[in-house]
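Chemist: Read off the chains here:
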Amino acid sequence: MPPTRTHARSRKPPPEGFSDIEDTLLEFSNKMKDAENASHEGKKKYETLWPIFQITHQRSRYIYDLYYEKEAISKTLYDWLIKNGYADAMLIAKWKKMGYEKLCCVRCIQTKETNFSSTCICRVPREQLKDGQDIQCVSCGCRGCSSGD
Amino acid sequence: MMLSSANLPPKPPPGVAPLPPEWTEHKAPTGHSYYFNKTTKQSTYTRPVFQPQAPSPPPPVAASSQAPQTPSFPGPFGGNFGQQGNYGQQGNYGQQGNYGQQGNYGQQGNYGPQGNFGFQGSFGPPGNFGPQGNFGLQGNFGPQGNFGQQNQGFPRGQHRGGHRGGHNFDRRDAEKRAKDRPKHRKDIPGCAPWILVKTKLGRRFVHNTETNESFWKYPEEVRKGVVELDRIEREKKQRKERGEPEEEVEVGVQVEKTQGDTAQDETAQGAEPRPGASEERAKDDNGDSSEYEEVEVTDDEDEDNPSKRQRTEEPAEDQPVEFNEDDIAYQLAAMGQDYGLDPGEYGDGEEDGDWEEGADGLPLTEEDSKALFRDLLDDFHISPYHTWEKLIEDGLVFDDDRYTALTNMKARKECWSEWSRDKVQELRKLRENQEKKDPKIPYIAFLQKNATPKLFWPEFKRKFKKEPEMKDIKVSDKDREKWYREHINRLKLPQATLKSDLTALLKAQPLSVLNQSTSMDALPPTLLGDVRFISLSPITRDPLLETYISTLPAAPDGTTASTENEDELVKKRAERERREKALAEREKRVQEEKRKQRRDLEYGKGRLREEEMELERAMRVNKDGLKGYLAEEQD
Chain A
1 MPPTRTHARS
11 RKPPPEGFSD
21 IEDTLLEFSN
31 KMKDAENASH
41 EGKKKYETLW
51 PIFQITHQRS
61 RYIYDLYYEK
71 EAISKTLYDW
81 LIKNGYADAM
91 LIAKWKKMGY
101 EKLCCVRCIQ
111 TKETNFSSTC
121 ICRVPREQLK
131 DGQDIQCVSC
141 GCRGCSSGD
Chain B
1 MMLSSANLPP
11 KPPPGVAPLP
21 PEWTEHKAPT
31 GHSYYFNKTT
41 KQSTYTRPVF
51 QPQAPSPPPP
61 VAASSQAPQT
71 PSFPGPFGGN
81 FGQQGNYGQQ
91 GNYGQQGNYG
101 QQGNYGQQGN
111 YGPQGNFGFQ
121 GSFGPPGNFG
131 PQGNFGLQGN
141 FGPQGNFGQQ
151 NQGFPRGQHR
161 GGHRGGHNFD
171 RRDAEKRAKD
181 RPKHRKDIPG
191 CAPWILVKTK
201 LGRRFVHNTE
211 TNESFWKYPE
221 EVRKGVVELD
231 RIEREKKQRK
241 ERGEPEEEVE
251 VGVQVEKTQG
261 DTAQDETAQG
271 AEPRPGASEE
281 RAKDDNGDSS
291 EYEEVEVTDD
301 EDEDNPSKRQ
311 RTEEPAEDQP
321 VEFNEDDIAY
331 QLAAMGQDYG
341 LDPGEYGDGE
351 EDGDWEEGAD
361 GLPLTEEDSK
371 ALFRDLLDDF
381 HISPYHTWEK
391 LIEDGLVFDD
401 DRYTALTNMK
411 ARKECWSEWS
421 RDKVQELRKL
431 RENQEKKDPK
441 IPYIAFLQKN
451 ATPKLFWPEF
461 KRKFKKEPEM
471 KDIKVSDKDR
481 EKWYREHINR
491 LKLPQATLKS
501 DLTALLKAQP
511 LSVLNQSTSM
521 DALPPTLLGD
531 VRFISLSPIT
541 RDPLLETYIS
551 TLPAAPDGTT
561 ASTENEDELV
571 KKRAERERRE
581 KALAEREKRV
591 QEEKRKQRRD
601 LEYGKGRLRE
611 EEMELERAMR
621 VNKDGLKGYL
631 AEEQD
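Chains as they are written, first to last, in the UniProt record's numbering: chain A, 1 to 149; chain B, 1 to 635.
Extracted from the complex, chain B is given alone in its bound form (with noise of 0.2 Å):
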């Protein structure tokens, strides 16, 4: 689906239409003809269209077909992009982005009248290209403004800069003309030839593929078809979301859609020539769910507010989508805590101080939620070396529920730091108490598995210089000879003498590192980093080293003062399910207040909805009344 014709901007009316009331018309220095507001004090060089007069919206064009029948209004992907009747007629400002083309204004510098360019302040610094802007080539775009100087006394660097930011303002239009477009086509069940295409902006119309008929207001049997639609998409949803069927989707709902819809549908009529007017209204009455509706179909210019944009995206009015919004909200903390930003900072303050406040059950104090946090380090083997940039990239934390203990990243990166420290003083008495490994060990054990008689030193350096024993650089080149030349010497000795050799190192050893207990993958480094050692290969070894460590009498007694760790590891243990349990309680009762809250909502919208209807109904009754009344009076 490409709308290209769709894209184009509005051109101006081909009749010469009267003046809205306070526009007035004017010619620039250059021959161009705008039109002047006196009340909003807003110029403009499209020709204002007459509001109340507008007509009712166009259908979409969709596919192949033909430009819009009606050029003076914009289509519904050309944006309303004229309306606030800045520059849209004549077109194509951002998408050109060519000064030039556009029939040389600006070259005696100062546009016309008083020019404000542009979209109410929708590009740029205030006041570049401002009221009195100065355009042009040989003008001044800086933010002074200037009217009318020909720029003689400015510095180089200031009209650069002008001219750079104008071309930020062109691909910044540009983006935003470009912004809603088809993006999701879906057949809608039980009507053929009708599809529903959902835009970027997640505004929704109706094709027709035979006919190439496009409605923002669905006929009346293809409605049908849209919510029965809806109501699958959103089966499936919650099927995904949950990972169980859920079947609370009763028939009032659908009603509620079908009135949603229509409402929608006379409010399009009304509302589609003047996007400002109809966004005023829905901020006006915000609870109200049909304007939702509304603005699902007008809304092009505000799309700087976020919220505003979620509601357009969900259908309004049913229970599982109001589960969307608090999940959204729900993300946006999330995220927020992400970024390390206060609760306040994005707008759910209270809601957190309710969750802290509303605390029974375990508690979860500031240190408790630090020593979670802590714990998440341990469990996920967090070098403490690393830097803390490379524990938020990989983002292996990111998933664990201890991770929104601490709740901002300045307290995360405090707590991390201080826990670095600690792991690090813990890392190092635990390496002083381990004897150190002597670098020799594995290149004796390479010695034994690889150096043979044939081959010379430096030919075996340079057959296994890859290998990670020969890169060692704690042990020396020197000593790596040595050893090996001492090792191919002891190769060539009779057996004999390798086996005496090999009982007099074992008597060396003292009884407290070789004894009874000592098991054979197990055995003491100075054994293991003897050259005698492997000078016997290793199927006669073992079993003559197997025989004399039986031989052995056992361990002299070395009591351990293992009762006290192990009192004190059962403590820490309990002490961290303790906060633990803590942690998913506080989960529960976050839960709780959501549950609560989107209740709460949901009341509110619907006590606004029935206050509505009677509004409605009051009015109609009036209406009547008058009518039923002046009848009367005819009679």
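Excised from the complex, chain A in its bound form (with noise of 0.2 Å):
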């Protein structure tokens, strides 16, 4: 019989700086737990999902904000993370873009998942939409995230 390894033992450690912001990430992973178990019940299928994808937007922008706007992590640390799967490294590439600065998820630019081959609503700015006009993405339950508003 092999021997049961555990995850701890092969574990290399994280690399510096990750004590700090240990707390914030368990914090956004219960939250996301708590996501992942929440009841279905009485909300669209579509609907479900928004909690998921909102908490792991917001766990990308903490920790692009943490690495590009405070420089308050390091390179090794920043890659360990994304590596891991602390951030989307995909919407993070989004980011740096221009126009795309408060991009809601990669979903809602795939404009070939679409009938028109056209973005999600929620990419829209507002002064194109109708006075009043509210909105809420079906993909990601996205309000608006056009960089000009």
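In case anyone wonders, no lab produced these hints; they're calculated from the structure. Since the model is a prediction, treat every value here as computed from it, not as a measurement. Among the hints, erroneous ones may be present.
Claimed, not checked - No farther apart than 20 Å at their CA atoms in a straight line, the calculated lysine to any residue pairs in the SDA-like style are these:
id: 1; chain 1: A; residue 1: K70; chain 2: B; residue 2: P524
id: 2; chain 1: B; residue 1: K429; chain 2: A; residue 2: Y68
id: 3; chain 1: B; residue 1: K474; chain 2: A; residue 2: S19
id: 4; chain 1: B; residue 1: K437; chain 2: A; residue 2: P15
id: 5; chain 1: A; residue 1: K70; chain 2: B; residue 2: I444
id: 6; chain 1: B; residue 1: K390; chain 2: A; residue 2: K12
id: 7; chain 1: A; residue 1: K75; chain 2: B; residue 2: R421
id: 8; chain 1: B; residue 1: K413; chain 2: A; residue 2: Y64
id: 9; chain 1: A; residue 1: K45; chain 2: A; residue 2: Q133
id: 10; chain 1: B; residue 1: K410; chain 2: A; residue 2: R61
id: 11; chain 1: A; residue 1: K31; chain 2: B; residue 2: K474
id: 12; chain 1: B; residue 1: K466; chain 2: B; residue 2: I444
id: 13; chain 1: A; residue 1: K70; chain 2: B; residue 2: K474
id: 14; chain 1: B; residue 1: K390; chain 2: A; residue 2: S139
id: 15; chain 1: A; residue 1: K31; chain 2: B; residue 2: K429
id: 16; chain 1: A; residue 1: K43; chain 2: A; residue 2: S139
id: 17; chain 1: A; residue 1: K12; chain 2: B; residue 2: K474
What the hints assert, rightly or not - Covered stretches of chain A (chain B as the covering partner; in silico rule of three or more C-beta atoms under 8 Å from a C-beta of chain B):
id: 18; segment: 21-28
id: 19; segment: 82-91
What the hints assert, rightly or not - Examples of chain A residues lying across from chain B (beta carbon under 10 Å, computed):
id: 20; residue: P3
id: 21; residue: K12
id: 22; residue: Q58
id: 23; residue: V106
For glycine and all other residues, C-beta sits at the position ideal for the given N, C-alpha and C.
Please assemble the complex out of the two chains, which come individually in their own frames, going by the hints.
Modeler: Take a look at the structure:
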């Protein structure tokens, strides 16, 4: 019988500075667990995914801010976080592009999935919407993420 | 106190009363008769009541009593809901929420009298159910309206959406209806069977528990008691607010209060049947305080107007209450700030401007307020690594005065992100200066406490696997095992070798880390992280160590640049004190401004009251004069 290897044994310690943000990341993961286990009753099929997308966005934004805005974490830690799935690299890659600074999720700019090859409604700037039109996109529950808003 | 019977909607009048001038009666295709107003283009199923002849309000029906005696008239809690003449009399649209029950309207679609259903736009998106609304199962509830069409060409989704809209309307309607109901009861001192009942909307009536009678209008003997009760309550409130009793409730206030009550009663009689009218009047002369009283009684439909509701809750014309109003304004401003609104957005813009402009004494510049906010963040030991949302959710900082130094949420967030950036850099610098803490040290100390030769390594590991020292990921398991084995092996050696090893270790330490001034609590990490150091038990080791340290020479001189640091610290502290003083002064100015405003308001109100009294006097004189004149002529 092969020896059972615990996770802790094989784990390399995370890079320096991880302990600073560990608490916040733990909170995010708790929130994520809650969202995963939340009841679907009374919700639309697509609505159940909204909190998942939202928490992922928040967490990615947190790490993005720490690295690019505040320069609070090192490059090694940032890479490690991305590699270990704490942040969505694809999403962050979009945020660096002009016009996508506030992008809610990558799915909302995926034009191949829509009938008229357009982006999601949440990408439309507020001034181009009708007055008082209240939108919430289907894929992630975003209420508008155009850069000008 | 439940008022189930009073919650029922008004029923149609038993006898057929004549219609008011503009109204005409028609028959709908479904067989219902409805009424149409030529001038207002309003149509309704309710038979309109002839307004000017409406009777005085019936007493509110309380607890165990029967249904209202005058059914044509809305009870106080049934709401004046049939008054705008929409649907109320057929009753209960929202509460039963079932169109079918009301007798199949709409099976054919095309809901009757081009019906303006509902409450003058109080429900749904405009145009939903609008005039020419095509109601019913096959009907299209959608915004397009589409009169008379059988909805064949319409997509299903729209149909569904329309239904949902309808349900929404029901719920909201029900909420609205259920809004007013009795909430508190209080015994009136000195008038035994009478109690004062306050409704959810802040209206009040008296109820006799013995005879089951209720009146909006306070009977003569009860009024005194109510005034007394009000006074007591006000005093209580003041005391609670300021923590000190305030003795400025003069007799004059009481007299005014009773006057107000009578005025209220009179107006209540006149205005109850038509809330719209009374509201309009209340709007016309806003300054008049006795009108508030009237609103207190009749206001029902204007629930969406918060300022009005505030006014309904106050007994209007005495000073402490006015203080309340200002307080509310202040709180509103604070709340607006909480939500990141600019001052202009909640309508107190000029005041803010005044506060900023009227600055004398210590000026509070923008940098100062920013610095204040940063001080606040520092003082609460906020972690710069946490998110802004967490800071707000925790809400620890809200209570501090410095939180309001910055006036809106956007500025606060900006300031916070700047602060956290700086703070992180600062922390990093600090950490670089600090020598790295060896993760070995706590493990070695742990070994000293717990390791025994009786346990093999796997046993030891299993036994203590929950301890943080054993879980620390910075030390590898291999190292742990190595040190453990080494330590256990050394424990088996004779004491003399252990002692000599320790002295060798001590001698190996350079003088800069281990010298005469070294205390036992702050030993160098090279010493603490060594297995040789823990081989001896602390009881024998510590005296040895102490004697060794006492024999050591003093530390080599390292000149410290502490004076500069101290200067800087002093400067920083002084700066901070100045800022805090400035903030305190601003607070004071704000208070003063508020007081001034209050005084102005009061003065204005007083003048209005005076004017009205003058007017009243003038009117009375005129009437008397006319009467007197007529009497003379008759003679």
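Chemist: For every hint, state whether the structure bears it out.
Modeler: Status of the hints after comparison with the structure:
1. A:K70 x B:P524: violated, 35 Å
2. B:K429 x A:Y68: holds, 19 Å
3. B:K474 x A:S19: OK: B:K474 and A:S19 at ~11 Å, within 20 Å.
4. B:K437 x A:P15: Satisfied, since the Cα-Cα distance of roughly 15 Å is no more than 20 Å.
5. A:K70 x B:I444: violated, 37 Å
6. B:K390 x A:K12: violated, 30 Å
7. A:K75 x B:R421: holds, 16 Å
8. B:K413 x A:Y64: holds, 17 Å
9. A:K45 x A:Q133: violated, 23 Å
10. B:K410 x A:R61: holds, 18 Å
11. A:K31 x B:K474: violated, 27 Å
12. B:K466 x B:I444: Status holds; Cα separation ~17 Å.
13. A:K70 x B:K474: Violated. A:K70 to B:K474 sits at ~26 Å, over the 20 Å cutoff.
14. B:K390 x A:S139: Roughly 26 Å between the alpha carbons, so the hint for B:K390 and A:S139 is violated.
15. A:K31 x B:K429: violated, 33 Å
16. A:K43 x A:S139: Answer holds: A:K43 to A:S139 is near 14 Å, not above 20 Å.
17. A:K12 x B:K474: holds, 8 Å
18. 21-28: holds (count 4)
19. 82-91: violated (count 0)
20. P3: violated, 12 Å
21. K12: holds, 8 Å
22. Q58: holds, 8 Å
23. V106: violated, 22 Å
Hints 1, 5, 6, 9, 11, 13, 14, 15, 19, 20 and 23, counting from the list given before, are not met by this structure.
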